[in-house]
Every structure is written in structure tokens, then in C-alpha cells.
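Participant: One letter stands for each residue in the lines below.
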Amino acid sequence: MAELNTGDGGGKKGGKVRSKKANAKVDLTAMVDLAFLLITFFMLTTTLSKPQSMSLGLPDKNEKGEDIKVDENRTVTLLLGDDNKLVFYMGLLATPLAGPKDLTFGKDGIRQELEKRKKEVLAYSTAKGKPDQGMIVIIKPSKKSNYKNVIDILDEMAISSIPTYTIVNDYSPEETKLLEGK
Amino acid sequence: MAKIVIKKNPGSTDMTAMCDVAFLLLTFFVMTSTAKIPEALPVDTPASTTQTKVPDTDLATLTVGKGKVFFDLKGKAVRKRTLELMAEKYGITFSEEDKDKFGLMKDFGVPISSLKQIIDLKAADRSKADQPGIPSDSLDNQLQDWVRNARLANIEVNDKELQVAIKGDAREEYPAIRKVMDILQDQKINSFSLVTGLRGKDF
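Line by line, the protein sequences give chains X and H. 182 is the number that our numbering gives the last residue of the first sequence; the numbers go up by one with no jumps. 203 is the number that our numbering gives the last residue of the second sequence; the numbers go up by one with no jumps.
Misleading hints may appear alongside valid ones.
[Stated by the list, open to error] Pairwise CB distance ranges (calculated):
| id | chain 1 | residue 1 | chain 2 | residue 2 | range |
| --- | --- | --- | --- | --- | --- |
| 1 | H | Asp202 | X | Leu44 | 19 to 29 Å |
| 2 | H | Glu156 | X | Lys144 | 35 to 45 Å |
| 3 | X | Thr95 | H | Ile92 | 56 to 66 Å |
| 4 | H | Glu161 | X | Gly134 | 27 to 37 Å |
| 5 | H | Leu104 | X | Thr45 | 18 to 28 Å |
| 6 | H | Pro175 | X | Asn73 | 30 to 40 Å |
| 7 | X | Asp132 | H | Ile92 | 53 to 63 Å |
| 8 | H | Glu97 | X | Pro51 | 25 to 35 Å |
| 9 | X | Glu174 | H | Pro55 | 38 to 48 Å |
| 10 | X | Asp83 | H | Gln185 | 49 to 59 Å |
The hints are simulated quantities; they were obtained by calculation from the structure and are not laboratory data. Every residue gets a Cβ at the ideal spot worked out from N, C-alpha and C, and that includes glycine.
Extracted from the complex, chain H is given alone in its bound form (with noise of 0.2 Å):
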């Protein structure tokens, strides 16, 4: 019969095997995370108890937030490419380093007079500078020429329909978000996302 002999020593686990599969699994998980670029606007999103998450692509996100309208969309060759369409509507022109940096930046709203100043700040002064939204009223409604060259942008970078999300403040009052549904209304986007938080479902 098999004795059961009782190792007085049971240590010395070979972890060398281990430590690589988890530096390997760090190395991926480093590389893979963005950094965290601070929003121009910060907003506090309220809470929904949805599941579904933003997507990552084919998405402009219009922040809402003190009565401003920020503007922001995914993608660098979109980006570079909704900037041109504006330029040319808007009679501005653009270097190529101008482009290449909006093409990396986040979210912005200033009009787009002003924005060659934004694109010339260093990231970190982006967010600290006061930025008065895009404009948005009957008069100089420059916020649906985003949104709809944005639009044409991405059908031709990438060849799909561009989702459209509405990221507003929760102490926003109704009419302010309401103007920015009905600027997506009146070019027939009629179902778009909203941006929320995260709760359960017991409160």
C-alpha cells in the first residue's frame, strides 16, 4: 500500500511562472488605459439603473452643463475631418498642426472664432480656461454645423451613422436640454443617448 509521506517542507512554490503571466497581464493593462484628460466641462451626471455603456466609436458627446454646450467627438481622422468641413464653411483657415491637434484633443466649447486659441493652450490649461460654450441660438446656431458636419465626417472616415449622446449636468434645468434635443430633432436624430451614472434600482 502507498504510504502517505508528509512533506515537512511543503513551500518553495515556483512562482517565477506567475510573475511573468501577471507582469505580462500589468504590460497589457498599462498600454491599453488611456490616460485621463480632464474634461473642459465638468458635469455630474445623474444615476439610471441602465446597463448599457457608451459606445467607443462613432460617437459625439454634447455636454450640458450652466447653461454651456461642450462639444466633443471620438476618433482622430473624424475629428480632423469635421474640423476641415467647418473651416470651409466658416471661412477659417486651419494649419495642418492645428488639425493634428484637435485631432488628439477632448471636448471644447468656445465659437469657433476662438477656437485656434483653444487648440494653441496646452492640454493642461484647456480645461482651466473659461470657455463660453458654442453657440447655439437661432442667430449663429454653430452647434448644429458641428453636429451635422460631424455627421458627414464620420459616414465618410468610417462609413457609419455617427451616435449622438447628451451628457447634461442633473441640477440642469429641462429648457436647456430640451434646445439641444431640438437642435438633433430638427436634422430627423431622433434617438440618441443620455449620459448617466450608475445606482441600484432600490431607492
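In isolation and in its complexed conformation, chain X is listed as follows (with noise of 0.2 Å):
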């Protein structure tokens, strides 16, 4: 048992009670066993409170529309549509070198499509000789879509370890057929 001993040899068993002065035991096991759950408890609320953040950095906005030239075969866009509507393709639309298709968020959808395409444009890279050059991701979420999609797509870029992603805005009119379209 847990006491809190004032008298001496609180643990001699059986013992006569030499001393007149009333041996106070106070048994501490109640006391111990609240403070260590609070103790758990304001350690887990104060470290699981704080919320998680993702950073993102986005390119300069250069204003005098300059284009920023990419290779085709290492350019992969995503469309984000409303209602969880996905559009992949690789290359340029009007000839593009896979897609255009709709895929599902998760790990059976785009994440899948994703280390894929990764692979294909490795090897792409280390056939010319550059092999540090990756995957470059384009993501275009559409006036529709909503702000929990546009963080899945980031989260999958994390997750896959995309090296170069951005956001773009403008949308072309073959883009906005391709979303609305099917």
C-alpha cells in the first residue's frame, strides 16, 4: 500500500503500538493515481490541440504574362471539378500523350495514375541524359471546386513526392468542355 508515514516503522508487520502518538497513515494511492491522469490529460489536449499546416509556396505572379516553357513529356494536369470530379492528362490537350480521364481521389484513383506517370517520366529524363529532372504537376481546380479537393491534390503531390507542382488559374475552353463535357 502507498501511506504517507509520519511515525517510524509504519512497515513492520503485526507490531505493538509502542508510541502514544496517534500513527497517521494517509494512504496516497487515490491522490497519485488523480494527478497522473491529469497530468495525461493536459498533456495530450495541450499537444493535440495545435493543428497541422502545410506550407505552399506559389510562383511570382509576373504580370507581364511572360510563359514559362516546359517540356510536354514531363507536364502532367489535373482538373478539379465540382462534386469530387477529377480530370487527368499528360502532355498537351490537343495531343496529349495519355488521358484525358476522370479519376478518383485516393490511393486507387490518382495516386495510383500518379507514381505511374512518375516512373515513365523518370525514365523519360535518364534516357536524355538529365535525370534530376521530375514529374512537373499542374493543378487547375475550376471555379466549382471546392478547397478540401484542392488540399487532397497537394496532400497527394506530398505523398508521391512530386518535385515540381503549382496552381494555375486560367482555364482554356477545351479545359472547361473537358469538365463539363462528360
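Dock chain one against chain two, each of which comes alone in its own frame, and use the hints as you go.
Facilitator: The following block contains the structure:
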């Protein structure tokens, strides 16, 4: 038992009571239990209440409208529509290397596709002798897409460790058609 | 040879020291943890797998939900200085007491002209008051001024660049978030944080 012994020799079994002083023994078990329960509570609540954050770097807005040229063989475009719609295509939309096709969010849809394409791009870059050039993903959220889907996609980028990705806001008429058409 | 003595009464552990330590820790945690002030605009943040935490200081949080934008800033001194700069710009005077109260407040979402009414409310009533959000359209872009002045104030007070976090509701449509991002990008803030919840990779 856990007890606070104020007198001496509290642990002796049996023992005759020699002292006339009352041998006050306070049982501390319950108190210690409670204290640790509260410690656990406060420890967990203080660390868990802090939200996570995802850092996002966007390219500088260039007012002049200069276009940055990228290799179409390394470019994957993801269009986000309303109602969790996600359209994928690779290369240019007029002459796509793959797609366009609808995909689902999560590990069975977009993640498998990204992993597959990542390997292809790596093989392509290695063949060109520049294996450090990875895949470029262009994320195009439409006006109707919601914030959750944007975060989901950015998260996929982090999971699949895509080196270069960006959010682009302008839509070509063909792309709008593609999102609404099917 | 040593005899093995089996104690018949193994108990009687002295728990005094343990109890002391336990209560010391308990006191520490009670004192360091801050009471959670209800947010003026509760939002349901989307989940992500990233593990990075939101910083504690030098942070401005822009909460976006229901088409409204709310503003929050960490640090009492920074908040006070920001309010002074804003008051200067919009020609509104705040008393010293108002500034102190504002320093201890959390997020708010009113035009600066009605900020005083919100400051005068009690903490519990602030979240109940129907705050319309900070004006952020092209005619009256107060949000931009808040962010700019907060950055100036943070450099003055803490001598550090202010970090900006966007806390958006999961159901919020993307254009609303984009509007806030555009306001930040107009000030050459190209890198900011997005506040999210936590989830596993298997979804």
C-alpha cells in the first residue's frame, strides 16, 4: 500500500503499538492516480490541439504574361471540377500523351496514376541524360471546385513526392468543356 | 551462502516523492496550457498527411468560411501596433484600453469602422455576434491593409517576417480561397501555410 508515514517503522508487520502518538497514515494511492490522470489529460490536450499546416509556395505573379516553357513530356495536368470530379491528362491537351480521363481521389485513383507516370517521366529524363528532371504537375482548380479537393491534391503531391507542382488558375475553353462535357 | 528472504509484506511503497513530482508536473501543465477561446468563425479544416505544426509566434491566420474572411494575429504587442497603424490609416481613434483589449482578443471579422463594438463586447459574446467578415473586395480592401500593417508591426516589434496561414473550410469553394491567395500574392507573399487536420495515408 502507498501511505504517508509520519511515525517510524510503519512497515513492520503486526508490531505492537509502542508510541502513544497516533500513527497517521494517509493513503496516497488515489491521490497519485488522480494526479497522473490529470497530467495525462493536460499533456495530450496541449500537444494535440495544435493544428497541422501544409506550406505552399506559389510562383511569382508575372504581370507581363511571360510564359514559362516546359517540356510536355514531363507535364501532367489535373483539372478539378465540382462534386469531387478530377480529370487527368499528360502533355498537351490537343495532343495528349495519356488521357484525358476521369480519376477518383485517394489511393486507388490518382495516387496509382501519379506513381506510374512518375516512373515514366523518370525513364524519359534518364534517357535524355538528365535524371534530376522530375515530373511537373499543373493543378487547375475550376471555379466550382472546393477547397477540400485542392488540399487533397496538394497532399497527393506530398505523398508521391512530386518535385514540381503549381496551381494555375486560367482555363482554356477546351478544358472547361472537358470538365463539363463528360 | 545468501539466503533468499521472501518478504511477507512487500507493499508499503513510499509514494510521497512520486506524488510530489506528479503534482509539480500537473501544476506546470495547468499553468502552461491556455484556455481555448471559442473562435469567431468556426471552420472545419480539411485533412492532410503533413506533420508540420503551425508556428506559435509571428503568425497571421486568415480564416475563410461561408464566404467571409476573418483575421487573427499572434502576440499582444504586435496586435496593438497593428491596430495603431490601421487606426492611423483609416482615421479612427482607439483608446489605450481598447488597444489592450484588442491585444488579448482572438480573431475578428468586421470592417474597421465597427471594430470598436466588437472590442467592447465580452469574450463570450464575440463569437455569438454576427460578424460580417473583413471587406476584401477591390473597392474597400481592408484585408490587404490588415495584412500589410501586421507585417510592418511584426517587423517593428519582433524584427521577423510575419508568416501567413490560410485556414479554409473544407466545403468552401475555391474562388473564395483564391481571392485571399491573390491578396497575399499582390504583396509578394508567395509562400504561406494552409492549416489542415491530420489523417493517415490510407484513404
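Participant: Now, for every hint given, state plainly whether the structure supports it.
Facilitator: Each hint, compared with the structure:
1. H:Asp202 x X:Leu44: 19 to 29 Å: Because 23 Å falls inside the window, the suggested range holds.
2. H:Glu156 x X:Lys144: 35 to 45 Å: At 42 Å between Cβs, range holds.
3. X:Thr95 x H:Ile92: 56 to 66 Å: Once the Cβ atoms are compared, 59 Å apart, the range 56 to 66 Å for H:Ile92 and X:Thr95 holds.
4. H:Glu161 x X:Gly134: 27 to 37 Å: holds (29 Å)
5. H:Leu104 x X:Thr45: 18 to 28 Å: holds (21 Å)
6. H:Pro175 x X:Asn73: 30 to 40 Å: At roughly 32 Å between Cβ atoms, X:Asn73 and H:Pro175 fall inside 30 to 40 Å, so the hint holds.
7. X:Asp132 x H:Ile92: 53 to 63 Å: holds (55 Å)
8. H:Glu97 x X:Pro51: 25 to 35 Å: Given a distance of about 32 Å, which is inside 25 to 35 Å, the answer is holds.
9. X:Glu174 x H:Pro55: 38 to 48 Å: holds (42 Å)
10. X:Asp83 x H:Gln185: 49 to 59 Å: violated (28 Å)
The structure shown violates just one earlier hint, number 10.
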